[in-house]
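Please model the entire structure based on the sequences and the hints provided.
Protein chains: 2
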Amino acid sequence: MFDLHMTPEEFRRAGYAAVDWVARYMGEIERYPVLSQVEPGEIRSHLPASPPEKGEPFEAVLRDLDEIIMPGITHWQSPNFFAYFSGNASGPSMLGDLVSSGLGVQGMMWATSPACTELETHVLDWLVDMLALPERFKSTTQGGGVIQDTGSSSSLCALLAARERATGFETNRRGIDRQLVAYASSHAHSSMEKNARIAGIGRDNLRLIDADESYAMRPEVLARTIEEDLAADRTPFFVTATVGTTSSHAIDPVRAIGKICRQHGLWLHVDAAHIGTAALCPEFRWIHEGLELADSYVFNPHKWMLTNLDCSAFYVTDREALIRTLTIVPEYLRTAASESGRVFDYRDWHIPLGRRFRSLKLWFVIRHYGVEGLQRYIREHVKLAQEFRSWVEEDDHFELAAPAPLSLVCFRLKGEDDLNQRLMDSLNDSGELYITHTKLDGRLVLRLAVDAPFTQRRHVERAWSLIQEPAEAVGRD
Amino acid sequence: MFDLHMTPEEFRRAGYAAVDWVARYMGEIERYPVLSQVEPGEIRSHLPASPPEKGEPFEAVLRDLDEIIMPGITHWQSPNFFAYFSGNASGPSMLGDLVSSGLGVQGMMWATSPACTELETHVLDWLVDMLALPERFKSTTQGGGVIQDTGSSSSLCALLAARERATGFETNRRGIDRQLVAYASSHAHSSMEKNARIAGIGRDNLRLIDADESYAMRPEVLARTIEEDLAADRTPFFVTATVGTTSSHAIDPVRAIGKICRQHGLWLHVDAAHIGTAALCPEFRWIHEGLELADSYVFNPHKWMLTNLDCSAFYVTDREALIRTLTIVPEYLRTAASESGRVFDYRDWHIPLGRRFRSLKLWFVIRHYGVEGLQRYIREHVKLAQEFRSWVEEDDHFELAAPAPLSLVCFRLKGEDDLNQRLMDSLNDSGELYITHTKLDGRLVLRLAVDAPFTQRRHVERAWSLIQEPAEAVGRD
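Residue numbers (my numbering), protein chains in the order written: chain A, 1 to 477; chain B, 1 to 477.
Just so you know, the hints here were simulated from the structure itself, not pulled from any lab data. Wrong hints could be hidden among the right ones.
A pair counts as met if it fits within one copy or between any two copies, since identical chains are not told apart.
When the alpha-carbon atoms are kept at most 20 Å apart in a straight line, the in silico DMTMM-like pairs for lysine to aspartate or glutamate are as follows [to be verified]:
#1 K439 to E339
#2 K54 to E372
#3 K54 to E380
#4 K414 to E469
#5 K414 to E135
#6 K439 to E331
#7 K383 to D3
#8 K259 to D441
#9 K383 to E461
#10 K54 to D129
#11 K414 to E394
#12 K259 to D229
As the structure is a prediction and not an experimental result, all values here were calculated from the model.
Here it is as structure tokens:
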């Protein structure tokens, strides 16, 4: 049957073709409309109803990739992608991931590939130094880091470990038997509610705490709400502070929140999924003020550190709580190394059992760019976003809609929501750039995030001129 | 700052080098000891304490990959890897994944790359036909499929949807407020317990039902246990039937279990993570007998269908139950397409929000091999495993320890567990092959799984002769 597989030589030829394809894509990316222009069902309608009975040449697949798939791509790596949060790919990251695919190891336990575990632990310790995170997150203390797929999953693991610690690890055994209550700001990521549901807590037991005029959590409201829950015999156990909300990059006051958590013995989780990477630069490390009070922390290198999906870096100060929450050891997974207690088995640090060798791409990225290169990358994005912010502030048609501390600017055309919606739709329909929206104080707000890998000054300048022109036209309608 | 990035030309050069590296690895894989021989901490000790300040050339990274990382690799793609379950990589899969990394799209919603959603839906519908699964799993009915990272996560989503359907979607809102009870065989995958804990059910409320002499669930015990729970005012809601247990490939009687589920209105989940792929071949489709009674189903192309991690195919017959369980729509994720109801937003089909374009690799695999090629692949593995089984049966020193219907043979040296442990350790320490163990009926049993991509007859023959030789020596000790 071995005529079925690519031989190493055939793999080499097909691999070169795939690399050429990606290189060409990187070079031509600005030619595509940023937001895919297809209608629902259009891509499927070009795919054959049945799979091929016989194998086909690689060239045929690449041809269909161009002809069928590409029209349905929204170009997250385009320098004109200013939507949501960025997905950061880069050459070294892609190639680290290719090597990971080639090795095909499954790193569920130390023994199933020691390098997969040890490189991950090591690189995550590097990141503690690189971002000047508290030492307590290092594997050399009682803490440690692990790569998860996304911030959502990382935050779920934090919630679960907190749930177990608060109930003496009895919920794992008996199920939920009391009213557990979690807290996050009303601007926290949607996964907080999803996770409360998954964990059996219920969304009614997630208190969304009011925010101040900068859209950051009001700690005095948090304190009062906890007191009320305690008075009503509920069990507060978990608070998420967001450093960089998805809507507007608002930064919750971590230290004030942390003190409240300490006072009541609650687990403090800090979600810096999008902007944690900024702490690579000393001048932005103020975002993490108070982080020494946190029990867990997450930031996503796949969002702003040139590492393609999926790569979320999750840290805890008390790894035993996490492991005890998630460990299961059936007989067929017992190994001498695991039972020696001298190794980490990362299967016990997250939801899935199986896991890719994801630290390779992170290692490739850090080696390629070096700490200085990554710092320059972040600084340039922040500089460009701040320039954009100043242009908004100087233009009488527009107003800034939230503080813009880093790489995201929330703004709006003065006037009705409808004007802003039409402005956004016309921009996105043009294919020239892609921005998205949110609502702040009940008003529709446009978001421009400068964090795509190849975005340069000329792209942000052009975006601003494209935004200004129809804005005036829309204004005249 | 754009001197930091690889240019398309630099990417091409580095990409060719990475492809060459993988091609060389594929060609040389048999030279490595299958199970890594390093000690805990050994890999880390060769990594510098600090990350590089300045970027380094790609060649330096590849050199360290060879010198530092490779000794810590356990070679899951080796034809002499007979451990656990296989992790199946293949050339077309790796290259599909490379293109996915290159595009760098985040497919959380249809609008964020329509092709990412539509190719996934389409290929998962193809798989329904390819495996002759019930039509109710197709997206053209009320059901549909989605790619998850692992079988563990797929089964968790099934459990959650079942929990919500059983409680009128009130648990999501209020949290768990009654004693919900789930069921699986005592040989079910470890994720069943982990998931019961995650979902707030508690492991005491997961009933592990006794198995028969073939290690398959006894449906009469299931029925009795459900009756007892009902009589005690508990709320049974979820049953997992395993098609191919991890220990021994035991196959639960899905139809009998399904009838019991129908009688009581319980959600039936079928976990065929490892061996579902066998249903590509008509002669093995008996493994899915009764699947028409299932509410959800999972099999992992990354285990036996030449698609590298992570790629778990998860199906439901009632997608609304799944979506309603997991959907969250904050303002910043609202799009016209989503609100039209004409598209799938796969973020609502699993735990994470962000997601890679994983269907590309599955599509590349199906195109490269064709249905016939994949069938030949499965048949060859089963044939080799069955030959191995016959050799075991013919050798007086050994005994078969479980039925071996497909690609996994559980066997043991007649005699004490200790003999078998020493036999396994000596084999694995030799680096010549890698097998693992389980316990069945309290006895230590060796497992030989024939499902690595490049395993041929000569590898299985050699494994048998390596197993026989020290077996005799161990027997003389």
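Tested hints:
| no. | hint | result |
| --- | --- | --- |
| 1 | K439 to E339 | between (51 Å within a copy, 17 Å between copies) |
| 2 | K54 to E372 | between (51 Å within a copy, 6 Å between copies) |
| 3 | K54 to E380 | between (50 Å within a copy, 17 Å between copies) |
| 4 | K414 to E469 | within (15 Å within a copy, 83 Å between copies) |
| 5 | K414 to E135 | neither (46 Å within a copy, 53 Å between copies) |
| 6 | K439 to E331 | between (51 Å within a copy, 6 Å between copies) |
| 7 | K383 to D3 | between (55 Å within a copy, 17 Å between copies) |
| 8 | K259 to D441 | neither (28 Å within a copy, 53 Å between copies) |
| 9 | K383 to E461 | within (13 Å within a copy, 64 Å between copies) |
| 10 | K54 to D129 | between (52 Å within a copy, 15 Å between copies) |
| 11 | K414 to E394 | within (13 Å within a copy, 85 Å between copies) |
| 12 | K259 to D229 | within (18 Å within a copy, 45 Å between copies) |
Consistency note: the structure conflicts with the earlier hints numbered 5, 8.
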